[in-house]
Amino acid sequence: MTQTPVLRIEGMTKRYGQKEVLRDASLSVNEGQLKILIGPSGGGKSTLLQCINFLVTPDAGRVWLKGEEIVRTQKKVLYEYRQKLGMIFQDFNLFDHLTALHNVTIGLVRVKGMSKQDARDKAVYELERVGLKDHISKYPAQLSGGQKQRVSIARALAMDPEVMLLDEPTSALDPELISEVLTVIENLRANGMTMVMSTHHMGFAREVADEIVFLEDGHILEVGTPDKIFLNAECDRTRAFCSKILELYGSA
Amino acid sequence: MPGVGDHVVDMTESFIAIRDALPYLLHGSMVTIGLVCGAMLLGLALGIVLAVGHVYGGQVIRSVVGVYVWFFRGVPLLVLLFLFYFGLFSFLNINLSAFTVAALVLGLISAAYQSQIFRGAILSLPEGQFKAARALGMSDRKSICYIILPQALRLSIPAWSNEYSIVLKDSAVAYALGVMEMMARAHFVASRTYEHFPLYFTAGVMFLILTYLGTRGLGFLEKKVRIPGYAR
Ligand SMILES: Nc1ncnc2c1ncn2[C@@H]1O[C@H](COP(=O)(O)OP(=O)(O)O)[C@@H](O)[C@H]1O
Ligand SMILES: [Mg+2]
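As they're listed, the protein sequences go chains A and B. Residue numbers for the first sequence follow our numbering, beginning at 47 and rising by one. Residue numbers for the second sequence follow our numbering, beginning at -1 and rising by one.
Source of the hints: derived by calculation from the structure; they are not laboratory data. Treat the hints loosely; a few may be bogus.
Here are the simulated lysine to any residue pairs, SDA-like style, with alpha carbons at most 25 Å apart [claimed, not checked]:
hint, chain 1, residue 1, chain 2, residue 2
1, B, Lys129, A, Trp110
2, A, Lys162, B, Leu42
3, B, Lys221, B, Thr10
4, A, Lys162, B, Arg224
5, A, Lys184, B, Leu42
6, A, Lys162, B, Tyr144
7, B, Lys140, A, Asp206
8, B, Lys129, A, Glu66
9, B, Lys221, A, Arg69
10, A, Lys162, B, Phe128
11, A, Lys121, B, Tyr144
12, B, Lys129, A, Ala236
13, B, Lys140, A, Pro221
14, B, Lys222, B, Ser122
15, B, Lys140, A, Phe100
16, A, Lys162, B, Asp138
17, A, Lys158, B, Ser122
18, B, Lys129, A, Ser190
19, A, Lys130, B, Phe70
20, A, Lys158, B, Arg139
21, A, Lys130, B, Asp138
22, A, Lys179, A, Pro221
23, B, Lys140, A, Val102
24, B, Lys221, A, Trp110
25, A, Lys65, A, Gln79
26, B, Lys129, A, Gly192
27, A, Lys122, B, Ser137
28, B, Lys129, A, Leu189
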């Protein structure tokens, strides 16, 4: 592989007290790739994703964005780096006191220093892209879960990120709202966005992931194409997890 | 034999006493309003700083805030007024008017209480929003200013309204420093005309009116800034 990965992490380790929740995790993501993290709850998926943009401070581990190592102790470097990683949370984390529009503009105005008018134009464009043209002046409490998650995607995309990190973006949604969010993610992928996503949605993972990463007890146990992971896993734990998920949710 | 007429005369005299003193008392209510506004605004500014320090600060800052709150909530108002006016500022040779010292002391005390109101409000917010703000590349300071405080302050309005009515009542103690607010003026007139009941009654009613107006105004503000669709 001659290509420089867009995002590379190495030796990511995190302990809470005595408990090691992430052990020496390494990963690299190429331009336009979609990596999907799977594994049991409590396996460390959220911790790994949040260590990538240092929302959780790892005990050890290094990160490179486009070949450049991130020195997280320099505040300015850290804040600029975070702008380049869009983050989507399981429970949306929209700013409750702001309309959909202002949820998107606030980062543009307060972080990127854009003028109010430019920010507004860009936010309207991003909200239209996720199908929320008619909802821009609603407050989070007036939106459905699927709409909230799409606002949060628009908010992240407006910052022009190099990589998107998505932490179970559909897990807090009612079943009938899941597909509207997955469709947006599929469109992102089709447009070449580089993404790392954790999900329990195996059908989706199998269909659209370039690579699947299986994480259990803080260990990355196996990495491979969807076909390999779902049909031909080398690791017993991976096979056991996949068959259990299939049992629970039907055919993948 | 005291007849009905005597009472009529009493009542009339009371009304006359109130009428004559009213402009003087109303002037005093301006002083009271000035004291309370000054104290509440100082308490607001300092209370926010203390609350943010208490929630987000390190061990040292948290202890400093803790001691501050413990001190200003623990020492009686009158002691603090004398301590600052006759003690501290005389000792430091700083010449401040009684009004300024009273507003300052009321504000410092209110800051201690307000900091606990804001702290509770900040802690009641879902922490994911702070994470989301940082994920956008905001510094902690920006996240607190643009995301946390606008919501925490909204949530604080009912408790703040309560704090207002307490500071308003406490402001009468400024009388002890010779600040010519409502209570001091009522006392001044009453002790000369011996019309105690009508004057203190009027002063009491004026305090009630100020409480009512303030809490109504804040109730109106609370409705006005309520976040649409947000159940509380
Ligand atoms: N702030 C925290 N303090 C203590 N333990 C935590 C904290 N956050 C996560 N953990 C623990 O770390 C482990 C991994 O959690 P998480 O990364 O959320 O897993 P996943 O996202 O795969 O469900 C879990 O056992 C969880 O209890
Ligand atoms: Mg998780």
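Practice task
Mind checking the alpha carbons of Lys122/A and Ser137/B for me, to see if they're no more than 25 Å apart?
Solution key: Holds: Lys122/A and Ser137/B sit about 9 Å apart, inside 25 Å.
Exercise for the section: Below or equal to 25 Å on CA atoms is what counts here, so check Lys129/B against Glu66/A. Expected result: holds (22 Å)
Practice task
Mind checking the alpha carbons of Lys140/B and Pro221/A for me, to see if they're no more than 25 Å apart?
Solution key: Cα-Cα ~36 Å, so violated.
Practice task
With a cut-off of 25 Å on the C-alpha distance, tell me whether Lys158/A and Arg139/B pass.
Solution key: holds (15 Å)
Exercise for the section: Verify the proposed pairing of Lys179/A with Pro221/A, using a straight-line Cα cut of 25 Å. Expected result: Within the cut-off at roughly 23 Å; holds.
Handout entry: 25 Å Cα cutoff - pair Lys130/A, Asp138/B
Key = The hint holds at about 18 Å.
Handout entry: Hinted pair Lys129/B and Leu189/A, Cα distance within 25 Å
Key = holds (21 Å)
Exercise for the section: Would you mind confirming whether the straight-line C-alpha gap from Lys140/B to Val102/A stays at or under 25 Å? Expected result: Given that 25 Å is the threshold and the Cα spacing comes to 19 Å, the pair holds.
Practice task
Verify the proposed pairing of Lys222/B with Ser122/B, using a straight-line Cα cut of 25 Å.
Solution key: holds (21 Å)
Problem - Hinted pair Lys129/B and Ser190/A, Cα distance within 25 Å - result: Distance ~21 Å between Lys129/B and Ser190/A Cα, so the pair holds.
Exercise for the section: Below or equal to 25 Å on CA atoms is what counts here, so check Lys140/B against Asp206/A. Expected result: Holds, because 20 Å separates the two Cα atoms, which is no more than 25 Å.
Handout entry: 25 Å limit on alpha-carbon distance, applied to hinted pair Lys221/B and Trp110/A
Key = violated (48 Å)
When each numbered hint is compared with the structure, violations occur for hints 2, 3, 5, 9, 12, 13, 17, 19, 24, 25.
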